[in-house]
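Novice: The residues making up each chain are set out below.
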Amino acid sequence: MRCSPRRSGEKVAGYRTRYDHARSRSAQAVNSVNSSTASRPNDTIAAIATPPGGGLRGVIRVSGPRARELVRAVWHGGTRPELSRRALLEGRFDDGRGTLPLLLLWMPGPRSFTREDVAEFHLPGHPALLQSAVARLLSAGARLAEPGEFTRRAFHAGRIDLTRAEGVLALVFATNESQARAARALLFGGLEARVQAARAALVDARTLVEASLDFDENDTGHVPQGEIEAVLHTAAAALEQAQEFEAQRAPERGLARVVLCGAPNAGKSALFNRLLGRDEALVSAHAGTTRDALEGTLELAGATATLRDTAGFDAGAAGPDRAAQRIAERSRADADLVVWVVDAARAQQAALADERAALDSAQVLLVWHKADLRPGPPPDWTRELGCARILPVSSLTGAGVDALRSALDELLSGGQGGLGRETFLRHTRALAQAQTELETALLSLRAGLALELVAEDLRRATDALDEVSGATAPEDVLDRIFARFCLGK
Amino acid sequence: MESPSHHHPHPRGVRTDFDVLVVGGGHAGIEAVLAAARVGARAALASLRLDRIGEMSCNPAIGGLGKGQIVREIDALGGAMGRIADATGIQFKVLNTGKGHAVRGPRCQSDRHLYRDAVTAYVADTANVTLIEGAAVGLVIEDGAVVGVRFEDGRSVRAASVVITTGTFLRAVMHTGEATTAGGRVGEATSEGISADLVRLGLKLGRLKTGTPPRLARDSIDFSGLEPQAGDAQPKPFSAWTDRARFPLLPQIECHITWTNARTHEFIRANIHHSPMYSGRIQGVGPRYCPSVEDKVMRFADKERHQVFLEPESLSTDVVYVNGVSTSLPADVQEAMVHTIQGLERARFLRHGYAVEYDFVEPNQLSDTLAVKRAPGLYLAGQINGTSGYEEAGGQGLLAGANAALWALGHSAFVLGRHEAYIGVMVDDLVVSNPTEPYRMFTSRAEHRLLLRSDNAEQRLVRRAHAIGLVQKDALALLESVEASKQRALAVLASLRENGKRLDELMLRPNESWATLAARHAPLRELALPESITEALETDIKYSGYVERQEENVARTLRQQSIEIPADLDYRSLTGLANEAKDKLARLRPRTLGHAARISGVRPPDVALLAVHVERRRREGQHSSGPGDPTKSAS
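Residue numbers (the numbering used here), protein chains in the order written: chain A, 1 to 489; chain B, 490 to 1124.
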């Protein structure tokens, strides 16, 4: 709602006329009618919080002002649940068609993650049952949560700062153990605590400098330079700790990693060359030509990645081939994205299901390769292989290569690995910026530059730190971060 | 008083005696009526006593840290404070010279009587200004709009807009020990009716206090053992219009420094129960930055002594202002306390110190033109808005007076941004939050401090002032000639080299200045530039990197912070907002996200949530509104 004449690029301090005011008032009146249908932060939201697929237990999380009402609506049996305080209750969930054994975790606001009333329904982990339970909650007045909405509410409720919100996100999307470890460190506020310590020291320093600036040399507020310098050193030390922490946490410093894998002679190397636009990998019609992993840099519109070609799957390999298999496995484990190359002409459902199972849980893009040899869309059963995308490609004709590139771009710049790196880069950049400003401040102080210039350096250092904790992060960054949260987390 | 018979037709169709009527002849009222007249309005100033216009109720000094910059801004906007201070100053001193160009605070002590006389003459000589003597007892309110002022003698004066600048006179109570008197300044009446009318308009009032120290007779002070303090050897005037050749006009005086001591402190502690602050008789909150001597002793118990400045108030009287011992202790206790101080052992009291408690209007009820949001035609400026200081009052008065006139004449409003002027910082601070102590300017309030220097006030403001008639062509010409001189000097600097390095590059070194370079290079000396220009030029060059970065910063925050919050936003319906933030936002109703972010108690996550909500509403508005709506098409 930007109905002020300022939107025309005029400065904030520009002129405004009463007519403009009147016009903006009428525009606001129009808008207030429209917005009555969408007071979204007020909704009570619900979503399945456990990963998709069967598990022993499934959890549905509900948060919002109507959570209490919803619990009562689905609670089966004569006794009313006691919801006056935080509680773990056993009962049955009535989904309208039958009842399910229920373990209810009740967390009334504000002592909850979102500061709202929160209910966690622990139910049998069968997907269909969980779906039906969610449907029941929706019909009773809940709204399906948007991706990341729970965490967003927690962030807005001041429960977590941005680094911890990012930690939740990174943990959800962690594709390997090192990423998960890094995410956990964030989640538990490791960086937050260190940034806050550095910030507190900086604010101390600024307080001294500002006090010194706003009182005359002869006045009681004047602070000697040595005292200011000492506090600046404390701030620098705290900042260094935050940087060290972030450096240790960093799962990878380089580019996103994309790994090509697949059965021998599926055409991985040909695809590798196609994607890189060169002739590097030794290509031959004989299976098993690629033994060592080959690497190249893949430039996409929104992301840059290392592309690694690996030896074809060979469960029975021995000797140097066995070593090549181990390298390939390790590459896949560290990958942000695995491109699984499947020979369309020879594809069989059972064999591919086995290959897919061996790829663990990493994010997989299926290339329906040599599509020129088998025209038509990939068969329906390929959709059951649990891949993020399925794309028909021919390295021979080049058909589908552009679509593959844009899919890679999308997954890498928008996906889990890309975000982990984006987060890391955001932190390191901001911390480095803060350190540069702080060092400048110290140098300026020692060089005898005007104290007001030192003050300016310190203000900028604080701004940089605030960017890490999300205090001054522009809203579009927040939007991008929160939009990537897994549903229900 | 003018006869109100000759009603003029008004642009809004109302018949009025004046376009703008200013109530109160203090520093805010003076700048207000002068600004209104400059903008082209028929302006009038009403004061209890026309011989008390421009009275310096407290310290007879103008400027200082953070305040000197405001005086320079008032001058660049065509106001009177700078030139009157220059004409009546008896000591000029730039404070804080060692800490950088932006935090330098030019200050002068004026002869309080000459200041008052000069202001009175200046206002009387201004075309378009009518003076009215009389006690204003209330507002004329019609259909919720303020259309005039009622006076004690029963007469009413009608005006298109009214500016109230009554300072500490609203329901004022003076305390000297256990004795209390009604009144805002010794010997003057208080103004109850206007307070009542403001409440009737639905305005929320708060209560503050301020204090003033005793005045002593000069011939009773023993200066022999005291450290004298002179002004600057080369005094600098505030105003661009002051004739440098004949400056300073008046003989310059010395002040003296003395100190409180253990005996003083002991005495205060023993008598603290007599202090109205400590006995609870004063409820208003006093300023932390200018504490009473009682406060200094009680709060900073580890300090062995506090500085006291003895400042002569006038060339023609022997009144000495005792800067540093503001007090509201009983008269006899004050005397005994002051007599413990070196040099003041036999000091004779001409007037005792006292504390004043007064009403102020919570300024978040004002817009950034200082107009009262809920009462069209009413403007407030000065201490009534919870500020302290002549400079703060003058700056607000100028802005309120100009806007009252622009409004009355049907023109666009004049708003100063935080990046343009300390006046802009002050008004913005006032309208987004409520002062919990009298608001005084500090340079640290200005995040763009390096841009808001006293040396570049004209560059920042003259063109904007000229656009609405606050200053005339001569001011523009003066600015252009200064800018041309700077350009010429810059060209000369860039054309000369020393060991292969250009002089403008050399100037970046901490140990170089215009003076050091001019000493070595004749072409610089030949330019024969006044120090005011060379100093500004030097700052421009030395600070260029920082200034550029601040300018980038300004551009970025302007984009982000100028996003408007719908006026009808129901904060209580937003979950996720912390309760404190919810309360404050609902009460203060910030106009933009920038305002919201600066309210204390509103934390970044709250602002982020607000931003999401505002953006969402904007998008929904776009989707559902017709294409013909002009307010959305450009969003």
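Simulated from the structure, these hints should not be mistaken for lab results. Just so we're clear, the structure is a prediction, and the values are computed from it rather than from any experiment. C-beta: ideal position from N, C-alpha, C; glycine also. Possibly wrong hints are sitting among the right ones.
[What the hints assert, rightly or not] Which chain A residues face chain B? A few, computed with CB under 8 Å, are given here:
| # | residue |
| --- | --- |
| 1 | D214 |
| 2 | P224 |
| 3 | E240 |
| 4 | L445 |
| 5 | A447 |
| 6 | L449 |
| 7 | L453 |
| 8 | E456 |
| 9 | R459 |
Novice: If a hint holds in the structure, say so; if it doesn't, say that too.
Specialist: To see whether the hints hold, each was checked on the structure:
no., hint, verdict
1, D214, "holds, 4 Å"
2, P224, "violated, 13 Å"
3, E240, "violated, 24 Å"
4, L445, "violated, 12 Å"
5, A447, "holds, 6 Å"
6, L449, "holds, 6 Å"
7, L453, "holds, 6 Å"
8, E456, "holds, 6 Å"
9, R459, "holds, 7 Å"
Hints 2, 3, 4 from the list above are not met by this structure, while the remaining hints are.
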